[in-house]
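Asker: For chain A, the structure is supplied; the task is to place chain B on it using the hints.
Single-letter residue listing:
Number of protein chains: 2
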Amino acid sequence: MSIKNLASLSRDEVKNLFSSIDTILTDCDGVLWLHMKILPGAPDVLNKFREMGKRVFYITNNNVITREEFCVKCDKLGFTSTKDDVLTTSYLTACYLHDIGFKKKVYVVGTSGISRELSRLGIRSFGVGPDPLISDVATLVMKDFKLDPDVGAVIVGFDEYISYPKILKAASYLNHPDCLFIATNTDERGPSFINDCVIPGTGSMVAAIETCAGRKPFLIGKPSTYIIDAIRKRYNVDPERTLMIGDRCNTDILLGTRCGFKTLLVLSGVNTLDDVMNWKQSDNEEDRGLVPDYYIGKLGDLLPLLT
Amino acid sequence: MSIKNLASLSRDEVKNLFSSIDTILTDCDGVLWLHMKILPGAPDVLNKFREMGKRVFYITNNNVITREEFCVKCDKLGFTSTKDDVLTTSYLTACYLHDIGFKKKVYVVGTSGISRELSRLGIRSFGVGPDPLISDVATLVMKDFKLDPDVGAVIVGFDEYISYPKILKAASYLNHPDCLFIATNTDERGPSFINDCVIPGTGSMVAAIETCAGRKPFLIGKPSTYIIDAIRKRYNVDPERTLMIGDRCNTDILLGTRCGFKTLLVLSGVNTLDDVMNWKQSDNEEDRGLVPDYYIGKLGDLLPLLT
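So the sequence lines, in the order shown, correspond to chains A and B. Each residue of the first sequence is one higher than the last, beginning at 1 in the UniProt record's numbering. Each residue of the second sequence is one higher than the last, beginning at 1 in the UniProt record's numbering.
Errors might be hidden in some of the hints.
A pair holds if it fits inside one copy or across any two, identical chains being indistinguishable in the list.
[Claimed, not checked] Only pairs whose alpha carbons sit at most 20 Å apart, straight line, appear in this in silico EDC-like list of lysine to aspartate or glutamate:
{"id": "1", "residue 1": "K262", "residue 2": "D238"}
{"id": "2", "residue 1": "K143", "residue 2": "D196"}
{"id": "3", "residue 1": "K4", "residue 2": "D229"}
{"id": "4", "residue 1": "K105", "residue 2": "D196"}
{"id": "5", "residue 1": "K37", "residue 2": "D136"}
Read the hints as simulated data drawn from the structure, not as lab findings.
So here's chain A without its partners, still in its complex pose:
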C-alpha cells in the first residue's frame, strides 16, 4: 500500500481517479475552513466536483448547530449547500434515536444544536444550558437533584457549560443499564490553536462522563460506521466509488478505511505527513487504518489538477 501525493500525479492520473468516483464525503473544519476562515480555493474545488457530476456531502462531527444553521454558515463562507447535503452529528444522533423508535426522554450534555434536532423528530430532551454547582455536592445530591424516571438516554456532545452537576447527572442516569449512552463524537480538540490555546473538543466531555459512568458510549460520528448506515438508508452510495476527504486521521480517514472508501488527507488541519508515516510503519493494524490513500497540502491545491 503506497500513499500518493495527489499534487505529484499527472493530470490524466487525477482524471482517472475522479472518473472512478461518484460520491464525495468531505469533512469541514480543517478541510474547507479553519473556524470562520475559509481555506483558499476550497469552494471552487467543491463547485468543480459538482460540475463533474459528483454528489458532495458535508460530513462533520460538529454537533452544536442544526443542519439549517450549517447551511447558513456554508453560505456565508461561499460554499453551496442544501440541508440534504449536510450530515452533522446533532442530526445523525436524532436520526438514530428516531430510527430505533425511542419514546422516552433524553438528558443532553450539549447544546441546542442537539435538542432542536431531537425536537424536530418529536423526541423530548432537557439539560442544555448552564448548570453550575450552586452550593456543594452534598446539597446537590441530597436536595437539588432528583433523577427523572422517564429518562431513557443520555447524549453527550460539545458542551461549553460542562460542569460537575452535569457529569454527576449523566453518570447517575447511566447507572441504570437500560439507559442508552450516546456520544455524538469523540474529537479530542479543535483543529487549530487560537492564541496558543488548545480548544477542548467533545471527546473531553465524553471522557469525563464515561469514566465515572463506567460505560462506553455508542458513537454516532466519525469514525463510527453508523454514519454510512444512515447515508445508505437514504441515498444510493457505492463505497468503492466514494471518496472521503478529511484532515484528521482517527476520524475522517479511519471512517473511510472502515467503509472501504478511497481516502484523501489534506494537510491543512490536525494531522501531518509525519504522523502518517509513523502509522504506516507501525506493526499495529489499527494504526495502518489511519493511513490515507492520497494526500495533498490543502483542498484548493486540487483545482489546477481538475481543470
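Answerer: Relative to the frame of chain A, chain B by itself:
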C-alpha cells in the same frame, strides 16, 4: 493462589498472620467510614493494631483536604491519628514537586487542599475556585485568558468547579512538552451512591484533561508505586511485613500487589466478591493483580479474631 476469607480462619491462623506484619496501610472511605458515617468497629480494630505494636498509616487518594484537616476528620469520627500517620494525595503531590526541586508555578485544577499543601512547601500555585465560562469560548481565548509563561506544572485533583475554561487552560499549558502533568489520583467515582446518584471522582476530571491534552499524567495516588517510594524515604518499611487494606481493587489492592505487600479487601465499599472471582479467573495478568490475598465483610469483623 487462593483468596482467603479472614473470618473463616481460626484465631491462631489470624494471630500467625498478624505476627508477620509490622506496618498496616489502610484506605479510609469505604474501609473506615462511608462519607461521614463510621463503619462499625473500625476504630477499635485500628486501636487494636496499635496495641499489637503495628505502625498504622492512613493512605488515601483524597486530595481535597490537608493532612491537618484529615486528622480533624479522624478525630470527629473516633479514629486516633497524628499528621505523620496521614498520606493524602494532596500532601504527596506537594512532596513530589518539592523532592524534584520544582521552582516554577503550578496551575491547579482542584481544591485548596492541594494549593495549601503546595504553599507549605514553598510552591506557588493558582487556579483553585470557580472559573465558569463568562461569555463564550472565542472571547475566552481571544481576550480573557493569557498563558502565564512561568507555569511549569499542571496538577489535576478533584474539582467540583470543573469547567470548560479550566479544561482549556490545563490543556493549553500542557501543550508545552516541558510542563509537568500530575494527577493526584484517578478514582472514577465515590465508594457509594447518595440518593441513587453516582459521585464522580478525580478520574473524571483527569480523563477530560488528558483527552484534549493528548498526554498521560504522572500519577501520585494509589495504585501508583510513587506512594511507597515516598513512604520509604521517610520510614523504615519492609514490604513483606506490610499489609494493605482497602475496598477498591484497582487502587488499594493493585498498589499492594505491585509493592509486594499482603492485601486485604473489605467488602464495605466499592468492590464485591463477585468482582474478585471474575478477575481471579481472568487470563489477563493485570486482572489478577486486582485479587487480594484476604477478604472480610468489613474491618470491624476482624475485632473478635484479634482479641
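Asker: Now tell me, hint by hint, if it's right for this structure.
Answerer: Hints, one by one, checked against the model:
no., hint, verdict
1, K262 / D238, "within (11 Å within a copy, 60 Å between copies)"
2, K143 / D196, "between (41 Å within a copy, 12 Å between copies)"
3, K4 / D229, "neither (29 Å within a copy, 51 Å between copies)"
4, K105 / D196, "between (40 Å within a copy, 18 Å between copies)"
5, K37 / D136, "between (42 Å within a copy, 18 Å between copies)"
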